[in-house]
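Based on the hints, put chain F in the right spot on chain V.
Just so you know, the sequences run in chain order V and F. The first sequence runs contiguously to residue 991 in full-length UniProt numbering. The second sequence runs contiguously to residue 481 in full-length UniProt numbering.
Just so you know, the hints here were simulated from the structure itself, not pulled from any lab data. Predicted model, so just to flag it, every value in this text is computed and none were measured. Any given hint could turn out to be false.
Straight line, CA to CA, 25 Å or less: simulated DMTMM-like cross-link-like pairs of lysine to aspartate or glutamate [what the hints assert, rightly or not]:
# : chain 1 : residue 1 : chain 2 : residue 2
1 : V       : K326      : F       : E31
2 : V       : K363      : F       : E60
3 : V       : K232      : F       : E302
Just so you have them, the derived chain F footprint on chain V, three or more residues with Cβ under 8 Å [stated by the list, open to error]:
# : region
4 : 173-179
5 : 300-311
All C-beta atoms in this analysis are idealised placements derived from N, C-alpha and C, irrespective of residue type, glycine included.
Next come the chains, spelled out residue by residue.
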Amino acid sequence: MKKKRSESIRTQLLGPLLILLVLQAAIIAGTVLFGGVSTKLKKNEINILTENTNNTKQGFEKETIHHWVMMLNNSGFMSDEINEILKKEKQEPEAISADYDLNRLIVDKIMEKSIEMLHLSNATGVFLVLNGPAAVKSPAEMRAGFYIRNSNPGGYINDNSSLLMERGLPSLAEKYNIPLDSFWELGFLDAGAKGTADFYQKPLAAAFKNRGEKKDTMRYAYLSSPFRLSPKDMQIITYSVPIILEDGTVVGVYGLEMTVNQLEQILGQEQVSGSFNECWFLGIREKGTNTIVPVAQSGYLYNQYFNESARIDYKDNLKENISSLKSLEGTKWYASVSKLETPGTEGLYGEHEWVIAGMARQKDLLSFYNALRRMLLSSMLVPLIFSLLGAYIIGKIVTEPIRRLVEELRNKSGSKSLSLERVHVKEIDELTETIEMLNRDVDRASFKMSGILEHANVLVGVFEYEEEKNRVFCSRSLYEMLGWEKIKEPYCYIKIEQFLPLLNQAFGEIELKGDRILKRLEGPEGIKWIEIILDESKKGTVLGICTDVTINVEEKEKLERERNLDLLTEIYNRRAFREKAEAAIEGIGDEVAAVIMWDLDNLKYINDTYGHDEGDRYIVLFANCLKKFLEKGGIISRYSGDEFVVLIKGSEKEEIRRTVRDFMKHLRVFTLKMESGYQFPIRVSGGLSWYPDDARDFDALFNYADFAMYMVKHSVKGVVKEFDISEFKHNSYMLTGSEELNRMLDKKEVRFAFQPIATREGIIYGYELLMRPEFSNIKGISEVLNLTRAQAKLPQMEILTWIAGLRAAKAEVEAGQLGKDEKLFINSIASVCLTKEGIKELEEHYGELLSRVVIELTEGEPASQTFMQCKKDMARQWGGLTAIDDFGTGYNSEAILLHMRPDIVKMDMSLIRRIHEDPNRQIILKNLMGFAEKNSIRVLAEGVETAEELEFLMSFGVDFFQGYYIARPQMEIRPLDPYIVKKMQEFSGKA
Amino acid sequence: MKRIWMLPLIAAVCLSLLAGCQKNDPYGLSEENPISVTVWHYYNGVQKEEFDNLIRSFNENEGRKQGIIVKAYNKGSIDELSNLINESINKKIGSEPLPDVFSAYADKVYEIDKMGLAADISSYLTPEEISEYVDAYMEEGKFDKVGSIKVFPIAKSTEILAVNQTDFNKFAQATGMTDEAFSTWEGIARVSEAYYKWTDSLTETPDDGKAFFGRDAFANYLIVGSMQLGHEIFRTQDGKTVLDFDKETMRKLWDNYYVPYVNGYFGTYGKFRSDDVKTGKLAAYVGATSGISYFPTSVTLEDGTSYSIESKLYSLPNFEGTIPHAVQQGAGMMVFRSDERREYAATTFLKWFTSVENNVKFSIGSGYLPVKKVSGTQETLKPFLEKAGDKSPASENLMIGLYTANRYRLYTTKPFQGGDKAREVLQNSMSVKAKEDYEKVKILMDQGISRENAVSDYLSDENFDLWYQDTRKQLETIIGE
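So that you can see chain V by itself, here it is in the shape it has in the complex (with noise of 0.2 Å):
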């Protein structure tokens, strides 16, 4: 089981403490924060505003358009006034447009009523344009009409005094007794403003336009963009109809004024709550955009943050089921923005909406639901704080006595007999009485213990160096063991300053560290190996355990000795020579190293001559002679049977070599004598592989180091050869093809390429079967025929090249892709012959092909008399014939030819090559020739490889051409190219 760290009471009361306030402030917090309650209260605070705005805007339309639409409505009086005065003054409706007098008597009844509406109304004004002229003397265009202004809307004052007239005949002003304000004028004149008539010419335009008829006075109401009647005067917004006759004429428009300051005191008016966190603004916007233009606007906050705004761009929050909107300097706003319901701004006259929005900046509207948060966070993180305080406070008035005890049983440990003060605390003191009771039962225990310790077996010696307290404990044992003085008791307690000195004259300089220190002790009685086991379980303390472990020691260091040595020469087994190996290459630095690997030529020859022992007697003296290199610091190692090993390092690779040579030296006198006298001299096959610059890891060097000395052990023997890389590469497949050679030769399994050879009129004679092993190590016949030679298995080869290579003609024939009649070229090993059974197995199953049969003899290979013969007699008795392979390239090809009389001399076709432009060669086939022709031997031209060269050859009369210009090897038979037949055919005419 792990041990559990020992905590303190104050920790033991603080993290459960800790844990449970944690939870619990995280529940409330869970449950307020980001609980629905959170949410909720979020909601609620953007709701206000909503809500605000919508009661503002409801607020806003009842005081406004709702009371124009309503004034509006009711102003069909106005036509039927219009018509009585028609008809009193006898004249037709068209008259308005020219009669100025009837315009004023017109604009005069109508006055009358309009001033008391106006009282009623909360307009700023009221105004009746007629479409017709405004006085005698009076600019063309101007209107005649009125518009007076009242600067007390919604107030019925008895007389005018609120009013101003600010067009009108001054007649009417004096008859109605109303002051002409600052920017009076007659009537009404388009001073080409932009937008300061269309509060007049819209909706006449309109209802012209439209043949309005009285009954749709309000389908062409007009509500107006903000503007100035005068450049100067203050900015406001009208609501006009037409005014429609019942026969349909459209005579003027009349309809109401509220000044833009009007609109901001209502709007001040009905912002429902007079918290100044709020602002507001009415404004309008493009049907479908998220852009108001601002008219009016109320609250302080508008003015500081959007007074420079010509527009308001916002943002639809959809999931707050609010808009956002950020103000030019970046504060963040909450928006509610909200449509008035207003007749007259759609359709007729473009797409406008007009809407109010109220607006309130983020962080000022969720002011109390981010309060809150705060609140709650620092609710949470306050009875934390002082929940850890009240925790530490306790716990030190708790641990307190014990810390006291704890510190009074530390400097009173180690006497004999336990005495304590008493703290008073009930559980304390019973904690105290116990401990003395222990600590009695721990003294007697231990007098036991170190009686038992004296009288067992083992001698056990124990100390306990207390760095503290300045003394160590040591067992009479421990004396015993070491040989200091004797002691009565069974331990004592002794000064460090006694004990370093006393443990240094026994085991010289030692250090107490680490777990476990063997040492060697010389005594008088011999070596005596003893291991102190240390355990510094606490700082400053360690406790020693001295055991005497000499028996183990030894017993263990001749075990180690069988594990590592061979048991004939005693020297490194390979188990042991690889970790050693291994260990020194790693540790080896800018040094370089060599290893040799060494095996012993005669050893076979001694066992077989002379016995085993002989041979073992050899070995180990040629072990014996290996331990030369010890003395430069090598690892020598019997490998196997009569392989060793040797890893030398050095500086450098001159110094490793001077030290193979002298031991080759020193080989030379040295000789195992038998017992007939004779004095058999050791010799040995080494190779050499060198660390780093062939391998850096053991298992290449040692693979190279094979090579190399097998590299010897196939040449000159008794010699070290250094590894060579390039000689590795090229002759590796030696070591590692052999392999797949035997599975090729097992399996009598090889693949044949057919070339053809043809006749001088392009007819095929026959074809040249080449063999094609598919190795992976190897490359190419010759490699498989060097292997094959040195492996020993040439036999094997020759009746695999029989078998295989009939094999494969007869599966040609079978197909119909062979002939009956073409010969068939087998290369043959010149050196071995068929066995009487390999050439009855190939009559038995390729009769019928042998006739057909053209044994090639290489002439490269050294022959034998016996060999040549055996195969001329086959070819003989099969009716086959014979022909001498790569004629020109061996070292007596005349004196084969006449001995050998083949049928057919192939030429190589290094002779071939170029012939037509080398007179050398040229005569050595004009000899040729001769001498073929009188001894009826057929030429063959090998390597035929352009047309000049056939060309030439043709001439010279040779008999059949193979070659790469005639066709390349082919793994399935294919005919000739009828070109080159044709270019053969030509030749051979001509010559």
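Chain F in isolation, oriented as in the chain V frame:
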């Protein structure tokens, strides 16, 4: 157990976190806890715009900081406003609740103060602050001996002569008249007569001359004129109002108004004389400096003829050989008595409104005169005048107004019980009679009688005596003699 001793601490911390949100403002006013103050006034047109602008500015800045929102409403003319206040005080059906502050002349305030409804402003002003205002203005609002102030002066006005210089020049060139005559009432009458005759001569039609002059606030003519001529009509003597309606003096005033009027040399047509100048019916008038914004830049006749005009302002004319006198008018603001919080809020606004910068701004825009001593000085005014244009009518108006205030004896009637009504009598008795009699003259003229003959009856001493006695009786009834 171990957490109990912590609880008080936790509570303390929580409290301290919660606290600190509220600032201690006087009377618990703050941005979060504002009070709204309603103001009724009689400002109209440009003045209203100017007034509203200042109120908006207050609400957005000073007012917001202090938690005071001011809402202002125009309630028609000063008389209409006065009526509405009465209705509200009497809780007449359909009347609105009383405002916190309203525009009023001292008379009106005096009346309301008698009912114990006017708040004492001096409690909210330090003596230093009070002394910043022109003493005479503050004096107006002191009705008792303890020194309480019931009217907060916010803007004052006096009277000024405005002339359509374009038309006058034509006349002057033709007749050799100069504007020297404008300094006396007698001169005005003379010029008017000459103007009538000159305009009459321009057409074949006999007696179709045009009136030259008219005036607003007719009561001022009688009150100031009488004062100037040595008789204060309503004189306070030992706490009682004594009538000094001197016959000779009245005859002089009669001769210089009624006589030219019935002759057609003077006239009144529209609501204000500035309207009459606008419509080409008069060429000059005397009116309050505060009406200057209505003085036209062009004349448009009933028949549509229109032409631009130059204007010129002159100091108020006086009677020959008298010390110049002018009326001091312009309503102050009265604060209704309520709780200290409201009264404090109201006076705070009024103080802000009469601070030098705001007061001068309002004055220039509206034609009123600022109420603080320092506001009337050249140094203070200079930047404002430069901004408005040194030669603009507004600047000229202010300068002449201030000149009048400095060089003339400014006079205003002491408020007294019935002062309102007495003033109304003075306002109408002569002016209305003049207008009515002129109408009668016109009827006679229409019947073919020459102007001279038609007028002659009205110029008799009997006519004057009748008027004098009638008016005197009316006044005596009001004063209760």
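Consistency of the hints with the structure:
Between K326 of chain V and E31 of chain F, the direct Cα distance comes to roughly 24 Å. Compliance with the 25 Å bound is thereby established for this hinted pair. Only pairs whose Cα atoms come within 25 Å are accepted, and K363 of chain V paired with E60 of chain F is accepted, the gap being roughly 20 Å. Restraint check for K232 of chain V and E302 of chain F: the C-alpha separation of about 24 Å stays at or below 25 Å, so the hint holds. With 5 residues having a Cβ less than 8 Å from any Cβ of chain F, the region 173-179 of chain V passes the three-residue criterion, so the hint holds.
As drawn, the region 300-311 of chain V meets chain F at 3 residues by the rule of a beta-carbon pair under 8 Å; at three or more, the given contact holds.
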